[in-house]
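2 protein chains.
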Amino acid sequence: MTTQEQGAIPVPQVEERTPIPKQNLRVPGPTPIPSEVLAAQTNPMINHRGPEFAAIARRVTARLQYFFQTTSPVLTFPASGTGGQESAVVNLFSPGDHVVAITIGNFGNRLAKIAEAYGLNVTRIEFPWGQAADPASVEARLKELPSYKGVLLTHNETSTGVTNDLEALAALIRRLAPETLIVVDAVSSAGSIPLDMDRWDLDAVFTGSQKGWMTPPGIMMIAASPRAWEANKTARLPRFYFDWGPARKQLLEKGQHPTTPAVSVFYALDVALEMMLAEGREAIFARQQQAGDYVRGRVRAMGLQLFADHQNASNTVTAIKVPEGIDSKALLKKLREQDRIVFAGGQAHLEGKIFRIGHLGYFTEADLAQALDTLEQRLHEFGFKS
Amino acid sequence: MTTQEQGAIPVPQVEERTPIPKQNLRVPGPTPIPSEVLAAQTNPMINHRGPEFAAIARRVTARLQYFFQTTSPVLTFPASGTGGQESAVVNLFSPGDHVVAITIGNFGNRLAKIAEAYGLNVTRIEFPWGQAADPASVEARLKELPSYKGVLLTHNETSTGVTNDLEALAALIRRLAPETLIVVDAVSSAGSIPLDMDRWDLDAVFTGSQKGWMTPPGIMMIAASPRAWEANKTARLPRFYFDWGPARKQLLEKGQHPTTPAVSVFYALDVALEMMLAEGREAIFARQQQAGDYVRGRVRAMGLQLFADHQNASNTVTAIKVPEGIDSKALLKKLREQDRIVFAGGQAHLEGKIFRIGHLGYFTEADLAQALDTLEQRLHEFGFKS
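So the protein sequences, as listed, match chains A and B. Take 1 as the starting number for the first sequence in UniProt numbering and just add one per residue. Take 1 as the starting number for the second sequence in UniProt numbering and just add one per residue.
These are computed hints drawn from the structure, not numbers from a lab. From a predicted model like this one, the values you see are computed outputs, not experimental measurements. Among the hints, a few may not be true.
You can't tell identical chains apart in this list, so a pair holds if it fits in one copy or across any two.
Stated by the list, open to error - Once the Cα atoms are required to be at most 25 Å apart in a straight line, the calculated DSS-like pairs of lysine-lysine come out as:
| # | residue 1 | residue 2 |
| --- | --- | --- |
| 1 | 149 | 385 |
| 2 | 321 | 149 |
| 3 | 143 | 254 |
| 4 | 233 | 113 |
| 5 | 385 | 249 |
| 6 | 233 | 353 |
| 7 | 385 | 22 |
| 8 | 254 | 149 |
| 9 | 334 | 353 |
| 10 | 233 | 334 |
| 11 | 233 | 321 |
| 12 | 334 | 143 |
| 13 | 22 | 254 |
| 14 | 143 | 321 |
| 15 | 329 | 254 |
| 16 | 22 | 249 |
| 17 | 113 | 22 |
| 18 | 249 | 321 |
| 19 | 334 | 254 |
| 20 | 22 | 233 |
| 21 | 334 | 149 |
| 22 | 143 | 22 |
| 23 | 333 | 254 |
| 24 | 353 | 329 |
| 25 | 149 | 353 |
| 26 | 333 | 149 |
| 27 | 353 | 333 |
| 28 | 385 | 333 |
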């Protein structure tokens, strides 16, 4: 350091950097990352307007299309999953448009809130947290409503560990409103749970790199149907950063993005997608099903109660009711500090009422077994009697 | 891969992944990254709602405050620099607000375009590309205008290699309009060129991790003055993803971000800031000044013409006029493919008219010398006679 640092704001005194501990990270994203994927990030930077980046962008897009099961280009933006929610809203609608938000938890509510923040007229169809959207109730409610430009819904609700029957919901929405735009938050489902964008006739589907993709956070991926692209032409909500038009144009023409992409996260995603294809899409889905079954079985066997209704429990994240008399905050702290096992707490009004176990992306059954064995042991120390 | 891959979209046939070549990357961002910073990205993921991330977020923020020279918290968003432009606009203004955009190039124009996209009433004060904003002309123009809620300007215009005299411009704007909001795009200046947010009374300042910070792209940093925070209370433009309020609240209360931050890029930024402090802020500025002088000196000595006017030439990026009769696209291609030296072309109407050399972040004078030596040699092969 030079001896004469100028300026009114002095060099700050900060806590020194300490090593990142080895943990069994069992939150529903960011998920653990394979070494090969982490290592990809150490590649040197490249020009994001050059041929090396274009090759990566094209390869990543083609593979994402396969996982989304769509012929539409999958656009990427430097953003979190919430950026996908905002991107879908601002690219499809105009102020005052009537949209229906089917919400079963915190992230469904966030999507509805974004639509409201942008001046849409939002009708909510809400289900109690822990339950999936019941197709019959949705159908009955939709029939009562005046026409709606779009329906916003969550595939897998990360906050409650519930997976909606998206295929059934999309089919009934399409039957009632052939031209409505079906917007799907697939942040914690895409790549992990069957999702068939084109066959299910979905109009906008988005996800985030830090979920089933075994990649660090930083890239949001979104695809739009021909119907959505048509709607995009007349959608008048203000937008620039998340505007799809220039992103598609530059991707297809040059393998570029209008602004600077998250290059090192792209390196990671490129390798992760290669690993996912080596494992196979159906094999991943089967592994996720097995993981869901395993976690739910163990949780029930130790006398705990699942928060999600049985037939719609998620295969990527399991929410567990905090047993009466147990201080879940203290329990999670003990597990984190003593055992280096990191679970997620409940969100919003579920804080202290549930905790959540992530089982998506890169994991083995042994990781889940170790987490659950230790949870069981600690629960008894905390006075839990099944 | 399982033998029975289902779904209508088949596994795509893609170009195989190839190694990222060793290059002398001389574009104005992404910049080369120190090994230690690249390696930081291989740390395992952590819970972005846990204590490890909070420690990093707090340390990074405090250090960014020092480089911004502000007591205001520096917020971070998973985004590119353009996200900073949009974030400043949507957090400060309401539809129909009159703002002045002082533009000297492509990125100044982008900021004005974003303001227009969001329905602001934008008066442009434009200067020919290659020149800085002339304080006397700005003052004369501002005096003719009806009152304006904000003034948007670029500190260092990456597209033309020109640095505005931000201190002088801010002082005269403040003198004419004591309560106007001064919004500064410092994407390619902050951390590299003197910038004194509080002392110069700037209201919003933003930058991106891939510029002077020696960090991969993916994090946008933005700080707002007390005056800006006051304006934020009544600003009615729609916003959610880039909303400052929840970002500040969660940062100060918990060391968190409302959505999932780019964790691996944070690891990198944390180490990069540590290295920058070890070098010292004034030492970095001196090194940047020296690099600017060196590049300009060499460019002139080889008989090329600088695009920027002399006294405002940037110390982070140098734009050079393409000599008559030289095919700059072919020249840059040859340098990239044969010599592994990557320069940037011109943007918008300057495509083919200028090319640009980045010299910010992590570099040595030897890197610049090698790039310039080779450029000189190739130029002669392309028929250039000084």
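Going through the hints against the structure:
In this assembly of identical chains, residue 149 and residue 385 lie within 25 Å of each other by CA distance neither inside one copy nor across copies; the values are 51 Å within and 63 Å between. Taking the shortest alpha-carbon separations for residue 321 and residue 149, neither the intra-copy value of 37 Å nor the inter-copy value of 51 Å comes in at or below 25 Å. Taking CA atoms no more than 25 Å apart as the test, residue 143 paired with residue 254 passes in neither setting, with 45 Å inside one copy and 44 Å between copies. Taking CA atoms no more than 25 Å apart as the test, residue 233 paired with residue 113 passes in both settings, with 24 Å inside one copy and 18 Å between copies.
In this assembly of identical chains, residue 385 and residue 249 lie within 25 Å of each other by CA distance neither inside one copy nor across copies; the values are 60 Å within and 39 Å between. With identical chains, the CA atoms of residue 233 and residue 353 are never at most 25 Å apart, being 45 Å at best within one copy and 34 Å at best between copies. Taking identical chains as interchangeable, the C-alpha atoms of residue 385 and residue 22 are never at most 25 Å apart, the minima being 30 Å within one chain and 61 Å between chains. Proximity of residue 254 and residue 149 under a CA criterion of 25 Å is satisfied in neither setting, with 33 Å inside one chain copy and 38 Å between copies.
For a Cα distance limit of 25 Å, the shortest separation of residue 334 from residue 353 inside one copy, 17 Å, qualifies, whereas the shortest one across copies, 63 Å, does not. Within a single copy, residue 233 and residue 334 get their C-alpha atoms no closer than 53 Å, and across copies no closer than 40 Å, so neither meets the 25 Å cut-off. For the identical chains of this complex, residue 233 and residue 321 are neighbours neither inside a copy (46 Å) nor across copies (39 Å), given an alpha-carbon limit of 25 Å. Taking the closest pair of Cα atoms, residue 334 and residue 143 never come within 25 Å of each other, the shortest separation being 50 Å inside a single copy and 64 Å across copies.
Only between protomers do residue 22 and residue 254 lie at most 25 Å apart by alpha-carbon distance; the minimum there is 22 Å, versus 41 Å within a single protomer. In the homo-oligomer, the alpha carbons of residue 143 and residue 321 never lie at most 25 Å apart, since the shortest distance is 35 Å inside one protomer and 65 Å across protomers. Proximity of residue 329 and residue 254 under a CA criterion of 25 Å is satisfied inter-copy only: 15 Å between copies versus 50 Å inside one chain copy. Taking the closest pair of Cα atoms, residue 22 and residue 249 never come within 25 Å of each other, the shortest separation being 43 Å inside a single copy and 29 Å across copies.
For the homomeric pair residue 113 and residue 22, neither the shortest alpha-carbon distance inside one copy (37 Å) nor that between copies (46 Å) is at most 25 Å. In the homo-oligomer, the alpha carbons of residue 249 and residue 321 never lie at most 25 Å apart, since the shortest distance is 47 Å inside one protomer and 29 Å across protomers. Proximity of residue 334 to residue 254 under the C-alpha cut-off of 25 Å is restricted to the inter-copy arrangement: shortest distance 19 Å between copies versus 51 Å within a copy. For a Cα distance limit of 25 Å, the shortest separation of residue 22 from residue 233 qualifies neither inside one copy, at 49 Å, nor across copies, at 42 Å.
Taking identical chains as interchangeable, the C-alpha atoms of residue 334 and residue 149 are never at most 25 Å apart, the minima being 48 Å within one chain and 52 Å between chains. Within a single copy, residue 143 and residue 22 get their C-alpha atoms no closer than 52 Å, and across copies no closer than 61 Å, so neither meets the 25 Å cut-off. Proximity of residue 333 to residue 254 under the C-alpha cut-off of 25 Å is restricted to the inter-copy arrangement: shortest distance 16 Å between copies versus 49 Å within a copy. Taking the shortest Cα distances, residue 353 and residue 329 sit within 25 Å of each other inside one copy (10 Å), while across copies they are farther apart (62 Å).
Neither within a single protomer nor between protomers do residue 149 and residue 353 lie at most 25 Å apart by alpha-carbon distance, with minima of 36 Å and 47 Å respectively. Taking the shortest alpha-carbon separations for residue 333 and residue 149, neither the intra-copy value of 45 Å nor the inter-copy value of 48 Å comes in at or below 25 Å. Taking identical chains as interchangeable, the C-alpha atoms of residue 353 and residue 333 lie at most 25 Å apart only when both belong to the same chain, with a minimum of 15 Å there against 60 Å between chains. Proximity of residue 385 and residue 333 under a CA criterion of 25 Å is satisfied intra-copy only: 20 Å inside one chain copy versus 71 Å between copies.
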